[in-house]
Every structure is written in C-alpha cells, then in structure tokens.
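Given the structure of chain A, go ahead and fit chain B onto it with the hints provided.
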Amino acid sequence: MSENQNKNIAYPPGGVLMWIIIYLELATFGMAMAALAYYGSLDRVNYHNDSLMLNKLLGTINTVFLLSGGFFAALGVQEFKKNHFDKSSKYLFWSIITGIGFLLLKLLEYQQKIEGGLDMSYSPFYMNYWLLTGFHWIHVLVGVVILFFIRNTIVKKQEGASLEDIEAGVAFWHMCDLIWLLLFPLLYFLF
Amino acid sequence: MKNSLLYTFVVLIILTILSATISHLHLSKIGVAIIVISALIKFLLVGFQFLELKAAHRFWQVLFVIYSTLIGTVFIVLL
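If you're matching them up, the sequences are chains A and B in order. Residue 176 in numbering that gives the first Met the number 0 sits at position 177 of the first sequence, and the numbers go up by one each step. Residue 76 in numbering that gives the first Met the number 0 sits at position 77 of the second sequence, and the numbers go up by one each step.
For reference, chain A alone in the conformation it holds in the complex:
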C-alpha cells in the first residue's frame, strides 16, 4: 500500500477493519484494566500483597519476548515491501518463535501460580490476573497462528502475497504487544 493511500482515513496500515478491531480490543481491555485499577485503589494492601507474589522476572522476560516479536514482525513487513521475500519470511519466523516463547513462559508462570494455590478464587486480584492474562494469552496464540499462515503465504506465493493481508496480520500481532504493554506494569508493578 502506498504512503499516499495510507494517509487516506479509510486506509490505515493493515486496513480499516483491522483498526476497528484494534480499538475495540483496546477499549475492552482498557475498561477491564481501569476497573482493576479502581478496585485496587479501594483495597490497596491486599492488592499490593497479591501483586508481590507475581514473578516480576518472568513478566519482564515475557515483555522482551513480545517486543522482540513486534520488532521482527515490523522488519518482516518492511522487507516484504522491498520484495525481499526470504528476509521477510526469516523475520516472521523469529517473530513466531518469540511468540511461542511468550506462550510457553506464561504457561510456566500459570503452573507456578496453580501449584502455589493462587487460582482464580484466591482473591479479586488473582481473578483479574487470570481473566486478563488468560484472554491476552489466547490473543497471542491467535497472533502466532496468523503469523504462521502469513509466513507460509510469503514462502509459497512470494510476490503473489497481498501486502494488505500481511499488514493486517502483523497489526493484530502488534495489538497483542500494545495490550501487554499496559497490562504488564499494571499487574506486576503498580499495586
């Protein structure tokens, strides 16, 4: 898609439909996070103590995974625009790997929480933790699957692959980044 087309209100990068989805998702997660912040402000001590039991190191590593995935995905789109299909598929491959890294590390964290008895019924904080990170985990899983198909299309069709489809798929991936960038400090650092 040309830069002039992108400057048109109806053609944001990834397409208008994807951007409607992105804003709906951001609004939904945003309201849930605002509710969590509000209830946390009413019960600071318990939310603070619950938050201390989260593994900040794992959360930080997971953030690095997602940011790396976003970086590789952005490079993948850029190389595709230059018709460097091999490089593009290589970068998308690394994006998928970092996404899988995030998913596995999060599963490890979930296992630790369950073994420690910190399930959904433990406290309001952990109910929010499981719901918000669980929905986000599903989004990342969907993002990885989308990236997998996009990469396959580039490998098979090369110049026949549609830039708009690739930008839309990668935009979904960046949306997962965006949600996590707000969710991570809220759950792990701010209470």
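Read the hints as simulated data drawn from the structure, not as lab findings. The structure presented is a predicted model; accordingly, all values stated were derived computationally and were not measured. One should not assume that every hint holds.
For lysine to aspartate or glutamate, the following EDC-like pairs were computed, each having C-alpha atoms within a straight-line distance of at most 20 Å [what the hints assert, rightly or not]:
1) A/Lys80 with A/Glu163
2) A/Lys89 with A/Asp164
3) B/Lys53 with A/Glu78
4) B/Lys53 with A/Glu163
5) B/Lys28 with A/Asp164
6) A/Lys55 with A/Glu114
7) A/Lys155 with A/Asp42
Same frame as chain A, but now just chain B:
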C-alpha cells in the same frame, strides 16, 4: 528505516528494564508516574513505529494518543 526500527526496539528494551528496576524500589506516587509514563512511551512507540501509525491519517493518530492519555491518567490518578 531499518535503523529507526532498531533504535525504537533498543529504547523499548531500555524502558522495560528501567520500569522493572524502579518497581523494586519503594513505590511512591512519583515511582508510579514514572512507570506509567514509561509504559505510555512504549505504547506510543509500538503504535507509531512498529504499527506504522506515523504513516496513517491524522484521525487514527489522534484516536491512539487520546486512548493512551486517558488510560495513563486513570492509572496515575487511581494508583
């Protein structure tokens, strides 16, 4: 272009490490504000650089900035 993505990525990682480090200190209101602002900078960088909002129509850019300002204000005021 490739360099600007790389610089963005480096800044994102630095801000992530900064937030994690500050969180280990006793969090005052200033600490909360630093972590929230750092998260918002990361949010805007991913949106404008990785998602290429910088090349989009001003409508999408303004909507994005309004959203991040709103959520950041909610976090800082409540926490």
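Discussion item. What's the verdict on A/Lys89 and A/Asp164, does the C-alpha distance respect the 20 Å limit or exceed it?
Written reply: Holds, at about 18 Å.
Worksheet item: Is the Cα-Cα distance between A/Lys80 and A/Glu163 20 Å or less?
Response: 11 Å, holds
Practice prompt. Measure nothing beyond the straight line between the CA atoms of A/Lys155 and A/Asp42; if it is 20 Å or shorter, mark the hint as holding.
Written response: 55 Å, violated
Worksheet item: Taken at face value, is the distance from the CA of A/Glu163 to the CA of B/Lys53 at most 20 Å?
Response: Answer holds: B/Lys53 to A/Glu163 is near 17 Å, not above 20 Å.
Fill in: Given pair status - A/Glu114, A/Lys55, alpha carbons within 20 Å
17 Å, holds
Worksheet item: Taken at face value, is the distance from the CA of A/Glu78 to the CA of B/Lys53 at most 20 Å?
Response: 18 Å, holds
Fill in: Given pair status - A/Asp164, B/Lys28, alpha carbons within 20 Å
44 Å, violated
Violation of the numbered hints given earlier is confined to hints 5, 7; the remaining hints are satisfied by the structure.
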